[in-house]
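Enquirer: Modelling step: build the complete structure from the supplied sequences, incorporating the hints.
Those letters in the sequence shown? Residues 627 to 745, by the numbering used here.
To be clear, the hints were calculated from the coordinates, so they are not data collected in a lab. Just so it is clear, the structure is predicted and the values come from calculations on it, not from any experiment. Certain hints may be false.
[To be verified] Derived lysine-lysine pairs resembling DSS-like cross-links, with alpha carbons at most 30 angstroms apart:
no., residue 1, residue 2
1, K657, K697
2, K697, K674
3, K692, K657
4, K692, K674
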Amino acid sequence: MILTHRNIEGIDIVSLSGRLVMADVPQVRQKLLAIVEAGNGKLVLDLKGVGFMDSSGLSVLVSVFKAARAKGGDMVLLGLSPTVRSLIELTRLQHIFSIFDDEATALARLAESAKSAAG
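Expert: As structure tokens, this is what we get:
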């Protein structure tokens, strides 16, 4: 599992690539939670490069989502492969996560939620 991190105007963008399975979960969870903790809780999780995810991978998404919300922020998902999208829909998590196909829209959504929280 390869994880890359960048920040645009206070919003953390993390791209994952590979398979998000049980063997990778502890390391990925730790890195993502550290990014949320160090930032302001606004996170775009780019999953375009994730071809497969199991239930333990879903648990990482839920943990990071909860951490972002606890910090007053939010997490959105970007670029889901058909396989990952199917898993999220099977577990009905599309009702919890905001899912986007392009980065600009995802960033706008997080910037907008920050403004409405401040206003």
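Enquirer: Next step is simple, just say for each hint if it's right about the structure.
Expert: Evaluation of the provided hints:
Pair hint K657 plus K697 holds up; C-alpha atoms about 16 angstroms apart against a cutoff of 30 angstroms. Annotation: proposed proximity of K697 to K674 holds, straight-line Cα distance about 26 angstroms (limit 30 angstroms). As the CA atoms of K692 and K657 are separated by approximately 15 angstroms, the hinted pair is consistent with the 30 angstroms bound. Between the alpha carbons of K692 and K674 the distance comes to roughly 22 angstroms, so the proposed pair stays at or under 30 angstroms and holds.
Of the numbered hints listed earlier, not one is contradicted by the structure.
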